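**Q** Read off the chains here:
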Amino acid sequence: MNCRECQAMIRAYENGEAGHAAVQRIAEHANACPPCRAAFESARKVAEAVEDAFRASTTPAAAREAVLAGLGESPTRVGRQWFRGRAAMSAAAVIVIALAIGVATAHRAWERPLEIEIGELHGTVLQKHRGAQVWEEVTTQKKLYLGDELQALPGSAVVLRLRGNSVLRLEAAGRLRVTEYNGEAEFGLTHGTLRATLASPHPPFAVSTPQGLIRALGTDFEVSVE
Amino acid sequence: MSEEHAANALSDAALVARAANGERDAFGFLVERYWRMAVALALAKVRDVATAEDVAQESFVSAHAEIARLRRPERFAGWLAKIVAQRSVDAIRKCARERKVFAAAQGIPPGIAWAPSCNPGLTSAQAGAVREAVGCLPEKYQSVVIMRYVAGLAAAEIAERLGERPGTVRVRLHRAVGLLARELSRIAPEVTK
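So the protein sequences, as listed, match chains L and G. This note's numbering puts the first residue of the first sequence at -11, with every later residue one more than the last. This note's numbering puts the first residue of the second sequence at 33, with every later residue one more than the last.
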């Protein structure tokens, strides 16, 4: 294969039209050809970076359940004669109202409280629900939901009790978000320190930080983000 | 072949026809098929995963309500992309309004935008840089890049869903990849090294 053919195959790779054998051939040529290697590596890394950067935190299966739970009874029909006469108008209005109520009361995955209790509280800790802009002060009666964010103000701390007697402590000036990745509970720490004392054995547990994902192998550990 | 596998093998057009006929499960398969694409399209605009997922969910609900009006069911994904784009703009406007109210009422700085690193390959900062680079692409490039690399569609499949010629999509993809490679080597060189 010459460089011209290789460049054409790299274009096919970009377009999702190169099979495994074609990718092998590109790799073989690129090993001995720095310009083609650079072009192939660039295309490959852009593809991987976009795929990684745009991952959703909710899995497609969970999203499906949440979306279906929030749908109206049936989609709008076209071509029906509902708009003829006053009685038909009333029927349409009832359906529109029912759909609106259905949407408003949509049961989303992130509207179910998590099995996480707010334990001890020291000072002032704020909580923000998914999509909201307003922070509320945390009390021990508050419930945590998927996507919630917690912020311990300076001099404050909060203890979270997870199912199975695992305990997390978000220290002063810490900021934590509860999320989910591939069905596993995940905690995102963006500032401060999180101390974890996990039950043994414990289900998969991970803390994501701006530096990457940390999976718990033992039971006691501490994660800090400067 | 299980019922789920059989439904997954159905074309978008077949699933749209069933969903328009009131089969909720058929619409559920469309949600699974295009959830990541919808979130990614929203994320390129709103830059926050939680908001992007809200936008995606609302877009699917809107799509379901209007699905019987879709004249070219094979273009469901392209149609959904337009709904997501409009919903994203609405979310940005709403967010801007709420941020003003929040800042006035609380006086608490919202801090830096939180971008969860829900992927093992990139740090939050790198993921943010990639989203920024994709978000800065022209709209027609954004959708093909996301359909290609997030939804995993080939150029010809994207063309069918957008109602474009395959050659047009291939050219857009090639230009978009070139622009992204240049921009990423400038703002996050470690991603492309």
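I should point out that these hints are in silico values taken from the structure, not numbers from a laboratory. One thing to keep in mind: the hints can contain errors.
The calculated DSBU-like cross-link candidates involving lysine-lysine, where the alpha carbons are at most 30 Å apart (straight line), are [stated by the list, open to error]:
no.: 1; chain 1: G; residue 1: Lys114; chain 2: G; residue 2: Lys172
no.: 2; chain 1: G; residue 1: Lys172; chain 2: L; residue 2: Lys131
no.: 3; chain 1: L; residue 1: Lys130; chain 2: G; residue 2: Lys126
no.: 4; chain 1: G; residue 1: Lys126; chain 2: G; residue 2: Lys114
no.: 5; chain 1: G; residue 1: Lys172; chain 2: L; residue 2: Lys130
no.: 6; chain 1: G; residue 1: Lys126; chain 2: G; residue 2: Lys172
no.: 7; chain 1: L; residue 1: Lys33; chain 2: G; residue 2: Lys126
Remember, predicted model here, so these are calculated numbers, not experimental data.
**Q** Against this structure, judge whether each hint is valid.
**A** Going through the hints against the structure:
Using a Cα cut-off of 30 Å, the hinted pair Lys114/G and Lys172/G holds, with the two alpha carbons roughly 11 Å apart. In summary, the hint linking Lys172/G to Lys131/L is not supported, as the alpha carbons are separated by about 42 Å, beyond the 30 Å threshold. For the suggested pair Lys130/L and Lys126/G, the alpha carbons sit about 26 Å apart, so the restraint of at most 30 Å is met. Of the pairs offered as hints, the one joining Lys126/G and Lys114/G holds, with about 19 Å between alpha carbons and a cut-off of 30 Å not exceeded.
Pair hint Lys172/G plus Lys130/L does not hold up; C-alpha atoms about 44 Å apart against a cutoff of 30 Å. The hinted pair formed by Lys126/G and Lys172/G meets the criterion: a straight-line CA distance of about 24 Å does not exceed 30 Å. This hinted pair does not check out: Lys33/L and Lys126/G have alpha carbons roughly 35 Å apart, beyond 30 Å.
In summary, the structure is inconsistent with hints 2, 5, 7 from the numbered list given earlier, while agreeing with the others.
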